[in-house]
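Enquirer: These protein sequence lines map, in sequence, to chains A and B. So for the first sequence, the working numbering puts the first residue at 136; every next one is plus one. So for the second sequence, the working numbering puts the first residue at 544; every next one is plus one.
Just so you know, these hints were derived from the structure itself, not from any lab. The reader is advised that the hints may include incorrect statements.
Unchecked claim - Chain B residues, not near chain A, derived (Cβ > 10 Å throughout):
id, residue
1, Asp566
2, Ile723
3, Phe748
4, Thr761
5, Lys804
6, Thr840
7, Ile852
8, Lys909
9, Lys925
10, Gly934
11, Lys984
12, Asp989
13, Asp1013
To be verified - Subject to a maximum C-alpha distance of 35 Å in a straight line, what follows is the list of computed DSBU-like cross-link-like pairs (lysine-lysine):
id, chain 1, residue 1, chain 2, residue 2
14, B, Lys676, B, Lys720
15, A, Lys300, B, Lys580
16, B, Lys805, A, Lys358
17, B, Lys676, A, Lys295
18, B, Lys580, A, Lys295
19, B, Lys884, B, Lys843
20, B, Lys1000, A, Lys165
21, B, Lys676, A, Lys300
22, B, Lys814, B, Lys937
23, B, Lys1005, A, Lys300
24, B, Lys775, B, Lys917
25, B, Lys676, A, Lys301
26, A, Lys358, B, Lys889
27, A, Lys358, B, Lys816
28, B, Lys1000, A, Lys226
29, B, Lys580, A, Lys301
30, B, Lys834, B, Lys805
31, B, Lys1005, A, Lys295
32, A, Lys165, B, Lys676
33, A, Lys358, B, Lys814
34, B, Lys1000, A, Lys301
35, B, Lys1005, A, Lys301
36, B, Lys676, A, Lys226
37, A, Lys295, B, Lys1000
38, B, Lys548, A, Lys295
39, A, Lys165, B, Lys1005
40, A, Lys300, B, Lys1000
Keep in mind that this is a model prediction, so the values were computed, not measured. All C-beta atoms, glycine included, are put in the ideal place defined by N, C-alpha and C.
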Amino acid sequence: MINSFFWVDVTFWLYLASFAFYMLYGFFYKNETLGQLGTVTAVLGFITNTLALGYRAYESGHAPFANLYESMLLFTWATVLGYLFMEFRYKFRIIGAFVMSLIFLSILTIVWLLPYRYQAIDPLNPALQSIWLEIHVITTFIGYAGFAISFGISIMYLLKNGVEKKTVGGLKDFMARFPDLGILDDLNYKSIAWGFPFLTIGIITGAYWANYAWGTYWSWDPKETWAAIVCLIYAGYLHARVTHGWRGVRTAVFAIIGFLAIVFLYWGVSFILPGLHAYA
Amino acid sequence: MDEKKIEEAAAAAPKAKETGLWDTIEGKFIETFSSPKLAIFIFIILAILSIVGTFIEQNREPAIYISQHGEKWYRIISVLGFTDIYHAWYFTLMIILLSINLSVCFSRRLPPKWRLIKDKTVIMAEDAILRQKNSARLNHNVSIQQMRDAISGLLKKKRYNVLIEEKGSGISIFARKGAIGRIGSDITHVGLLAIFLGAIIGSFFGFKGFATILEGETKHFPQGGFDLRVDKFWIEYYDDYKIKDFFSALTVLENGKEVMKKTIEVNDPLKYKGIWFYQSSYGQAWDRVEKARFFLTDKKTKGLVAEVIADFGVETPVPKTDIKVKVIGFAADFYYDTESKRIFSKSMEHNNPAIQVEIYEKGVLKSSPWLFAKYPEAFIDKSTKYFIEIGGYKAPQWTGLSVARDPGVNVVWVGSTLLTVGLFLSFFIIHKRIWIKIVDKKDKVDIYVGGNANKDKINFDKEFSSLVDDLNRVSKM
Ligand code: HEM
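If we strip away everything but chain A, and leave its shape as in the complex, we get (with noise of 0.2 Å):
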C-alpha cells in the first residue's frame, strides 16, 4: 500500500544508497560514475522525502510538523536540499560523503530509534493551528541544514587538517579528494551564512507567533533560551572570523561546538529539559 510509510522506507533505502556512493567514491575508488550515482540517489531519495511529507500532511490534514518523526523528516529534506544546491554550485561531491552520512544517521533514527508513538498522526493541539507553525518551523529547519552542513564540512577540515600536518603518505592520498583547507573553511562559513539568517527567521517568526498566540514573545522557555543559545554561539564564530580573522581549525571547532548546540536544541530540550515545545 501506498502511503507515507511506504515513502519513508522507499527514502531510507535511497539515502542509505547515496552515502554508499559517496563513501566508494570519496575513499576506495577513483571511479566518476560512483560520484554521480550518489547523486543521482540523492536526488530521488529527496523526491521521496518530498513525497513522504506530503503524504504525511495528507493523511494528517496538517502540516508535516507536529512531533519529531515528522521533524526528523524535514530536517532531512532540508539539509540534502541544501547540500544539492551546494554540490551544484561548487562541484565538490566528496562533501557528499560527509553530509550523507549524517543524513543516514538521522533517517536510520526515523526508521529504527524513534519510539513507535511518534509514528502515529497526532491531531494538531489548539495552540498549534495557525499558518505561523509553518513559517516557524520551515526557516527553523533550513536554518538547522545549513549548520548541518557546517558540521560535516568542518570535520572534514579537522581530518584534513591533521592529516596534512603529519604528511603520512597513505592517509593523505586517502583525503586526495578533499578541497583545499582555504575552500573547506570558506564553504564552512557559507553553509553558516545560510543557517544563521533563517535560524533567526525561525526565532522571530516563533517569537511573532507567541505574541500572537499567548501574548508574549519571549518567555525564557529552554527551546527559546537554547536557540538563543545557539545564536550566541554562531554569532561568536562570526565576530570572531570577521574581526580577528579567525580562519581554520579554531573556526572549525567553534562550528562543530555549534552543531553539538544544535542537536541540543533539537534532542535534548524536547527529551531532558521542560517546557512549552514539548511536542517537538
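On the provided structure of chain A, position chain B with the ligand as indicated by the hints.
Expert: Leaving out everything else, chain B with the ligand in the frame of chain A:
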C-alpha cells in the same frame, strides 16, 4: 586590507586636546567598548548564564527546589539569583554592557566604513593593483580605446558600476558593486539595539495578567477603562474527543454601550485600545453550580427512593417524598478555615467538591448540611429519614484570558526586521571592487587588473579568472 583600516580607525584613541584624567578615562572607555573582543566575552557569559537557567527551573516555589536539589543547594541557588536568572542584576548588566558595546562600536566604525563605501578613487598605481588579493598582468596588441570599451562593456554586463579616468598615456578603470552589503552588519546591530529597547519599553510600560470570567459575566479593566463581557464559551472536539479548539464570544462595553464584538479562539486574540485578550485556558467555576442531581435513599431499607435535579437557589420538591431541597452553596475544593470560620474553595481545581443544601420537610427547614461528592458518608445528615447523596452537578464554565499590553512590541518587530534585513545584506551582498590600468605601449597595451571581494572568495576567484579570460579573448577578436 580595508578591514584593517576600519579596525584601526575605530580603535584609535580620540585625539586628546589635553592629557587630563578625563581624556584618559574617555580614551580607555572607548578603547574597551569599541572592541569586538568585549562582545565575544559577553556572548560567552550570556551563553553560560542561559544554560544554567535551562537546567535549573525558573520561578518555582522554594519547596520544588528543595525537593530537587536539597536545602543547602537551594540556599546557594537562590542567593546567586539562579531561580530567576534572566532577570538577575548581572544578566541585565550584561545586556546593558552589550548595548553600550554595540553603540560605541557602531558609531566608531560607521564613518570609516562609509568613506570606504563612498570611495571613488579611480586611479591606482600599477604595483598597488598587483598587490590586490586577485591580480593579473596582461598585454595585447589592440588599441587602448578598443581595450577600454571592451573592458567597460564586460564589467557593465556583470552589473558593475564603472568609473573611467584618462590621464597621460594611460586609462584607469574602477569597477565596484555591492558596497551596501558592508553596512549589513550595522543594520543588524541597530536592529538588535531596537529589540532591547522594545523589551525595556515593554517591561516599564506594559502589563501582563490573567482573568477568569464566567459565561455571561462582565469584568472591568481599569487599565483601559472599559468592560468585557463573555457571552458564550464553548469547546470543539476531534472525533476521538481530543480537544480541537476553544472559543469565547466577547463583547467590549464602554459606559455600558457595546462597542465591539469578537469571538476569540486559541491563536486569534481580541485587541482593544492596545490591550490584547488571548484565549488561554478554561475551567469550571469553583464557587458556584448551576444545578445538581441528588439521590435519596431510605436510611433503614437502603433502597433508592428518588432522584432529583435542583437548580441553584430553587426549592425543588423530591418526587415520592414530602422533602424539598435547595442548593445554596458550592466549593470545588472544600476548605474550612478554623480562624475565620469560613468555608471556601482552596483552589480552582475540583479536588473535593461539596454542595450546601437546605432540606425542607413539609415546608419546614430542617437543616442545611454540606454534602461531599467524593465522600458521601463523611457527614450524614440526621434531620430526616433519608440519606442524600450527590449524583452530579453542573458548574458554569469560566474562560481563562491572558491579558496583555505591550507598547514596546512594535519596536521589537521593527528591530527584528532590521536585524534580518541586515543579515541578508551582510551575507549575500558581497562588496566587490576591481581596478584596471591600461597603459599604451604604441602598437600594444599593458593591462594591470586587480580586485578583491570582502567575502565569498571562491566565487570571486572564479569571476576574476573568467574576467581575465575574457580580456585575453579581446585581442583575438
Ligand atoms: C548578540 C549580539 C550580536 C549579534 C547577533 C551580531 C551579529 C553580527 C553579524 C551577523 C555580523 C556579520 C558577520 C559577517 O559578516 O560574517 C556582525 C559583524 C560585526 N559585529 Fe556584531 N553582533 C552582535 C554584537 C556585536 C557587538 C556587541 C559588537 C561590538 C563590538 C559587534 C561588532 C561587530 C563587528 C565589528 C562586525 C564586523 C562588521 C563589519 O565590518 O562588517 N557585534 N555582527
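Enquirer: Work down the list of hints and note, for each, if the structure agrees.
Expert: For each hint, the structure was consulted:
no.: 1; hint: Asp566; verdict: holds, 26 Å
no.: 2; hint: Ile723; verdict: holds, 16 Å
no.: 3; hint: Phe748; verdict: holds, 15 Å
no.: 4; hint: Thr761; verdict: holds, 21 Å
no.: 5; hint: Lys804; verdict: holds, 20 Å
no.: 6; hint: Thr840; verdict: holds, 43 Å
no.: 7; hint: Ile852; verdict: holds, 32 Å
no.: 8; hint: Lys909; verdict: holds, 48 Å
no.: 9; hint: Lys925; verdict: holds, 49 Å
no.: 10; hint: Gly934; verdict: holds, 32 Å
no.: 11; hint: Lys984; verdict: holds, 36 Å
no.: 12; hint: Asp989; verdict: holds, 30 Å
no.: 13; hint: Asp1013; verdict: holds, 21 Å
no.: 14; hint: Lys676/B to Lys720/B; verdict: holds, 17 Å
no.: 15; hint: Lys300/A to Lys580/B; verdict: holds, 30 Å
no.: 16; hint: Lys805/B to Lys358/A; verdict: holds, 33 Å
no.: 17; hint: Lys676/B to Lys295/A; verdict: holds, 25 Å
no.: 18; hint: Lys580/B to Lys295/A; verdict: holds, 29 Å
no.: 19; hint: Lys884/B to Lys843/B; verdict: holds, 34 Å
no.: 20; hint: Lys1000/B to Lys165/A; verdict: holds, 28 Å
no.: 21; hint: Lys676/B to Lys300/A; verdict: holds, 26 Å
no.: 22; hint: Lys814/B to Lys937/B; verdict: holds, 32 Å
no.: 23; hint: Lys1005/B to Lys300/A; verdict: holds, 28 Å
no.: 24; hint: Lys775/B to Lys917/B; verdict: holds, 30 Å
no.: 25; hint: Lys676/B to Lys301/A; verdict: holds, 29 Å
no.: 26; hint: Lys358/A to Lys889/B; verdict: holds, 33 Å
no.: 27; hint: Lys358/A to Lys816/B; verdict: holds, 32 Å
no.: 28; hint: Lys1000/B to Lys226/A; verdict: holds, 16 Å
no.: 29; hint: Lys580/B to Lys301/A; verdict: holds, 33 Å
no.: 30; hint: Lys834/B to Lys805/B; verdict: holds, 29 Å
no.: 31; hint: Lys1005/B to Lys295/A; verdict: holds, 24 Å
no.: 32; hint: Lys165/A to Lys676/B; verdict: holds, 34 Å
no.: 33; hint: Lys358/A to Lys814/B; verdict: holds, 28 Å
no.: 34; hint: Lys1000/B to Lys301/A; verdict: holds, 28 Å
no.: 35; hint: Lys1005/B to Lys301/A; verdict: holds, 31 Å
no.: 36; hint: Lys676/B to Lys226/A; verdict: holds, 24 Å
no.: 37; hint: Lys295/A to Lys1000/B; verdict: holds, 20 Å
no.: 38; hint: Lys548/B to Lys295/A; verdict: holds, 33 Å
no.: 39; hint: Lys165/A to Lys1005/B; verdict: holds, 26 Å
no.: 40; hint: Lys300/A to Lys1000/B; verdict: holds, 24 Å
Figure legend: structure checked against the earlier numbered hints; every hint is met.
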